[in-house]
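Visitor: Here's the letter readout for the chains.
2 protein chains.
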Amino acid sequence: MKTTYDCIPCFIRQALNAVRLATSDEKIHEQVLRGVLAAASKMNLDQSPPVMGQYIHKLIRELSGHDDPYKEIKKQFNNFVLKLYPDLKQRIQRSSNPMDTAVRMAIAGNIIDLGVNAEINRSIIFNTIEEALSAQLFGNIEVLFDSIDSAKDILYLGDNCGEIVFDRLLIEQLPADKVTFVVRGGPIINDVTMADARETGMTELVDVMDNGSNVPGTVLEKCSKEFRECFAHADLIIAKGQGNYETLSGSKKNIFFLLKAKCPVISGHMGCEPGSFIVKRSS
Amino acid sequence: MKTTYDCIPCFIRQALNAVRLATSDEKIHEQVLRGVLAAASKMNLDQSPPVMGQYIHKLIRELSGHDDPYKEIKKQFNNFVLKLYPDLKQRIQRSSNPMDTAVRMAIAGNIIDLGVNAEINRSIIFNTIEEALSAQLFGNIEVLFDSIDSAKDILYLGDNCGEIVFDRLLIEQLPADKVTFVVRGGPIINDVTMADARETGMTELVDVMDNGSNVPGTVLEKCSKEFRECFAHADLIIAKGQGNYETLSGSKKNIFFLLKAKCPVISGHMGCEPGSFIVKRSS
Numbered sequence: 216m217k218t219t220y221d222c223i224p225c226f227i228r229q230a231l232n233a234v235r236l237a238t239s240d241e242k243i244h245e246q247v248l249r250g251v252l253a254a255a256s257k258m259n260l261d262q263s264p265p266v267m268g269q270y271i272h273k274l275i276r277e278l279s280g281h282d283d284p285y286k287e288i289k290k291q292f293n294n295f296v297l298k299l300y301p302d303l304k305q306r307i308q309r310s311s312n313p314m315d316t317a318v319r320m321a322i323a324g325n326i327i328d329l330g331v332n333a334e335i336n337r338s339i340i341f342n343t344i345e346e347a348l349s350a351q352l353f354g355n356i357e358v359l360f361d362s363i364d365s366a367k368d369i370l371y372l373g374d375n376c377g378e379i380v381f382d383r384l385l386i387e388q389l390p391a392d393k394v395t396f397v398v399r400g401g402p403i404i405n406d407v408t409m410a411d412a413r414e415t416g417m418t419e420l421v422d423v424m425d426n427g428s429n430v431p432g433t434v435l436e437k438c439s440k441e442f443r444e445c446f447a448h449a450d451l452i453i454a455k456g457q458g459n460y461e462t463l464s465g466s467k468k469n470i471f472f473l474l475k476a477k478c479p480v481i482s483g484h485m486g487c488e489p490g491s492f493i494v495k496r497s498s
Numbered sequence: 216m217k218t219t220y221d222c223i224p225c226f227i228r229q230a231l232n233a234v235r236l237a238t239s240d241e242k243i244h245e246q247v248l249r250g251v252l253a254a255a256s257k258m259n260l261d262q263s264p265p266v267m268g269q270y271i272h273k274l275i276r277e278l279s280g281h282d283d284p285y286k287e288i289k290k291q292f293n294n295f296v297l298k299l300y301p302d303l304k305q306r307i308q309r310s311s312n313p314m315d316t317a318v319r320m321a322i323a324g325n326i327i328d329l330g331v332n333a334e335i336n337r338s339i340i341f342n343t344i345e346e347a348l349s350a351q352l353f354g355n356i357e358v359l360f361d362s363i364d365s366a367k368d369i370l371y372l373g374d375n376c377g378e379i380v381f382d383r384l385l386i387e388q389l390p391a392d393k394v395t396f397v398v399r400g401g402p403i404i405n406d407v408t409m410a411d412a413r414e415t416g417m418t419e420l421v422d423v424m425d426n427g428s429n430v431p432g433t434v435l436e437k438c439s440k441e442f443r444e445c446f447a448h449a450d451l452i453i454a455k456g457q458g459n460y461e462t463l464s465g466s467k468k469n470i471f472f473l474l475k476a477k478c479p480v481i482s483g484h485m486g487c488e489p490g491s492f493i494v495k496r497s498s
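First to last, the protein sequences are chains A and Z. FYI, the numbering for the first sequence is 216 to 498, going by the numbering used here. FYI, the numbering for the second sequence is 216 to 498, going by the numbering used here.
The following block holds chain A by itself, in its conformation from the complex (with noise of 0.2 Å):
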């Protein structure tokens, strides 16, 4: 999807709120919030909102000298879920249908992105996980489960930190043989990576691989060639989060978006209302 006019002012307080936690220095936060400015400027609009967002990170990285502002909140998420992981197992094993269960949690992890709300803390994530179980989901579930039946090739596209133990939770439901999962090629903003994957058993549950790139969304030709034809060959791919939606939407790939619509933007291209719980197959 292109870049609509609402996402520019989300830009701006996205492009603050990283450069505060890179560095403390004033004059960076006034020279990013200027370079962000001009270059949102003259921004080519059809473009999906998270290649911008891999120039105003980039343009952090560079002014502050900081490669990976969000190490230790990254680290924080991972290890709270990682803390929450064996309740929320159980859940999912009791439950009257605990794949539908996986995904309701799956969906439910990705209400940790710093990129649309900094202000993540664990009420928020423990109201989304209960909401999540009971809410009514926009999209078709059961589709899903038949993509799912019939795979033989799953490429699974991570988002977030501390939300990949959300993933892992679904994945364990899946056969593992045939998924890989899928991280950014490098630090932005809290996406996952592979120290990530590691760090959450991701790598000992299935294939991890990174794409190759640090657009926080999947844009095949930022990506690696060795990504892109396992996005070629995948039978099934199960998309996580707002970046990935934005940027693989148009696809002709047989994807299913799991997200969390977290801004108006979102909810309007998709349809639903915003805040809603998705699994919406690609068209």
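Simulated from the structure, these hints should not be mistaken for laboratory data. Treat the hints with caution; some may be incorrect.
Chain copies aren't distinguished; within one or between two, either way the pair holds.
[To be verified] Here are the simulated DMTMM-like pairs of lysine to aspartate or glutamate, each with C-alpha atoms no more than 20 Å apart in a straight line:
no., residue 1, residue 2
1, K393, D364
2, K257, E245
3, K242, D261
4, K273, D240
5, K477, E334
6, K290, E334
7, K367, E444
Given chain A, put chain Z in place with the hints provided.
Guide: Here is chain Z on its own, set in the frame of chain A:
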């Protein structure tokens, strides 16, 4: 006060809201957006936020050809609060301390600030009135009462449409012959102009003048000579709203700022909780 980095995303959002009101032509939305982004990338942050506000709305007027995008909305808010007026007046008259109640009403009215929040509706206004009547005020209302008792020349700087009817309720508690009510010199956001003072009965109650400027605040250098003389002569100035606070907070005059702190930049600058109801004397 100066413009903070956190004001910038708010400017962009405000520009989008306003240009969408002015025209449905998306090309003009984009021109305004790019123009505001480019201007913000080079702006002088030592200026107060309303100076940028003035620039944004000038650009919108020029590009859209619409000289008052908020015209209809301003009428709607004036009419809506005029309908509430008899009830609110009765609540003031029946209260144990009518002056205190009237000050609280005037502060409650400051919620109708479409620069800060374009989504103001009736239920928000009703809730804010009830909150204001029982809230712990930030500042010292007794000092305001003393200042009113001893004042010979009161300048009351109005802020927004709809809110002006709440101001009328307070001004009805003041000595009418000592009060001059001030409106902006031209349309800007939903700020009051002479037409609104007429529409809401303010002109029949006290002297009303415009300040000769369409900054959504009071930047003295941009105001008329006549207004500056009145400002210099007044021994009590009641300044409503965020815009007047942002532009006059450094003044050495005897000013009481009456407002609701509707954004974190303002509450941070004042040292109060976000959402506070404020009666603050200039220091």
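Visitor: All hints are to be evaluated individually against the structure, with a verdict given for each.
Guide: The hints, checked one at a time:
1. Taking the shortest Cα distances, K393 and D364 sit within 20 Å of each other inside one copy (11 Å), while across copies they are farther apart (82 Å).
2. When the C-alpha separation of K257 and E245 is checked against a cutoff of 20 Å, the pair qualifies both within a copy, at 19 Å, and between copies, at 11 Å.
3. Taking identical chains as interchangeable, the C-alpha atoms of K242 and D261 lie at most 20 Å apart only when they sit on different chains, with a minimum of 14 Å there against 32 Å within one chain.
4. For the homomeric pair K273 and D240, the shortest alpha-carbon distance inside one copy (17 Å) is at most 20 Å, but the shortest distance between copies (34 Å) is not.
5. Proximity of K477 and E334 under a CA criterion of 20 Å is satisfied in both settings, with 13 Å inside one chain copy and 19 Å between copies.
6. For the identical chains of this complex, K290 and E334 are intra-copy neighbours only, at 16 Å inside a copy versus 38 Å across copies, given an alpha-carbon limit of 20 Å.
7. Proximity of K367 to E444 under the C-alpha cut-off of 20 Å is restricted to the intra-copy arrangement: shortest distance 15 Å within a copy versus 82 Å between copies.
Checked against the numbered hints given earlier, this structure breaks none of them.
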